[in-house]
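Engineer: From first to last, the protein sequence lines stand for chains A and B. Going by our numbering, the residue at position 108 of the first sequence is 108; the numbering climbs one at a time, nothing skipped. Going by our numbering, the residue at position 18 of the second sequence is 18; the numbering climbs one at a time, nothing skipped.
Simulated from the structure, these hints should not be mistaken for lab results. Because the structure is a prediction, the values reported are computed rather than measured. Every clue listed holds true.
The calculated SDA-like cross-link candidates involving lysine to any residue, where the alpha carbons are at most 20 Å apart (straight line), are: (1) Lys2/B - Glu145/A; (2) Lys3/A - Glu144/B; (3) Lys3/A - Gly149/B; (4) Lys169/A - Pro150/B; (5) Lys2/A - Asp151/B; (6) Lys2/B - Ala157/A.
Computed from the model, here is a short list of chain B residues facing chain A with C-beta under 10 Å: (7) Leu8; (8) Thr32; (9) His131; (10) Glu145; (11) Tyr171; (12) Ile174.
Ideal placement from N, C-alpha and C gives every residue a C-beta, glycine not left out.
Number of protein chains: 2
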Amino acid sequence: MKKSFGALSLVFPAPVWVIGTYDKEGKPNVATVAWGGICSSDPPSVAISLRKSRYTYDSLIQRQAFTVNVPFGSQIEIADYCGIVSGRNADKFAAAHITAVRSEKVDAPYIAEFPMILECRVSGVMEVGIHMHIVAEILDVKVEESALGPDGLPDIARINPPVYAAERKDYYGIGQHLGKAFSVGKVFK
Amino acid sequence: MKKSFGALSLVFPAPVWVIGTYDKEGKPNVATVAWGGICSSDPPSVAISLRKSRYTYDSLIQRQAFTVNVPFGSQIEIADYCGIVSGRNADKFAAAHITAVRSEKVDAPYIAEFPMILECRVSGVMEVGIHMHIVAEILDVKVEESALGPDGLPDIARINPPVYAAERKDYYGIGQHLGKAFSVGKVFK
Numbered sequence: 001m002k003k004s005f006g007a008l009s010l011v012f013p014a015p016v017w018v019i020g021t022y023d024k025e026g027k028p029n030v031a032t033v034a035w036g037g038i039c040s041s042d043p044p045s046v047a048i049s050l051r052k053s054r055y056t057y058d059s060l061i062q063r064q065a066f067t068v069n070v071p072f073g074s075q076i077e078i079a080d081y082c083g084i085v086s087g088r089n090a091d092k093f094a095a096a097h098i099t100a101v102r103s104e105k106v107d108a109p110y111i112a113e114f115p116m117i118l119e120c121r122v123s124g125v126m127e128v129g130i131h132m133h134i135v136a137e138i139l140d141v142k143v144e145e146s147a148l149g150p151d152g153l154p155d156i157a158r159i160n161p162p163v164y165a166a167e168r169k170d171y172y173g174i175g176q177h178l179g180k181a182f183s184v185g186k187v188f189k
Numbered sequence: 001m002k003k004s005f006g007a008l009s010l011v012f013p014a015p016v017w018v019i020g021t022y023d024k025e026g027k028p029n030v031a032t033v034a035w036g037g038i039c040s041s042d043p044p045s046v047a048i049s050l051r052k053s054r055y056t057y058d059s060l061i062q063r064q065a066f067t068v069n070v071p072f073g074s075q076i077e078i079a080d081y082c083g084i085v086s087g088r089n090a091d092k093f094a095a096a097h098i099t100a101v102r103s104e105k106v107d108a109p110y111i112a113e114f115p116m117i118l119e120c121r122v123s124g125v126m127e128v129g130i131h132m133h134i135v136a137e138i139l140d141v142k143v144e145e146s147a148l149g150p151d152g153l154p155d156i157a158r159i160n161p162p163v164y165a166a167e168r169k170d171y172y173g174i175g176q177h178l179g180k181a182f183s184v185g186k187v188f189k
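Start from the sequences and build out the full structure, keeping to the hints where you can.
Structural biologist: Quick look at the structure:
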């Protein structure tokens, strides 16, 4: 039996991504979002949603660039902090003891201590209700060497990226391996 | 030290969602996507990306409706199967032993056996490279009663929704509780 919850922005899983930008004075800032996802494979593109009122929105539009910073599960306090304080009133890099590094491909900073970074250039903006939905090309993905598996590829288990569960407002890590994609479903063919 | 992977559609976590539609003859079909995310809180909205060539894309555009079906972790074989076979050539409901139920709010079917369902009405479509990026209003969220916590809210740990890790093509479940959102970050304030 299913219970109906009505019109709600609730789906599992949602990500926990820290968005890096430079403001108009060139000061680096970071802000956390849970509304986003990959939106194309070619050119590789990601979409995130931000309210217009957020400090990050103006910076992102001015520079047409941002980074997506994926934390280790153990960095959840930093990721959460970056979502509850505005860059208008705080230097989040100093407060959370993190380091801003200039990106190679776009005009935005990334967090040195985070294991997975996407350098993104804005390619489109769409208003969706109270949010601005920003589509961007991913020009580079950088991953910490300690987060690579023996095959040299990024290992989600080593990063243990936080997953956001809305309504209850919980963060969870990554659990057991469920199977190989494009493979385990062959049992039904 | 970070290793650069270049332009790649890779970020953690990505979801595993099975999209439900009726085709032009009214036959229910399901197809799996990993490119998507919530894109507004008000009106509650979700965005997914599909290639134009997919059977689901035509159905979704004709009916202006679809469902997002989130599997239990234990249903990963069904979710994977729905991504490797086209509805043009197979009745995936029969093959995977799942049941199509007509949605209440939109002209699309959902999977009875899956624990979390979003009923969605298309509100915008944007071409992003090789993908069509579809924005839709979430008109209802339905959750199986066995997937609710003692507080009556959807419990991500009981659903254990699969997370997709691209490049290595792995599915993982949900792990340990990392903390409360809008709370654990207060240590830096």
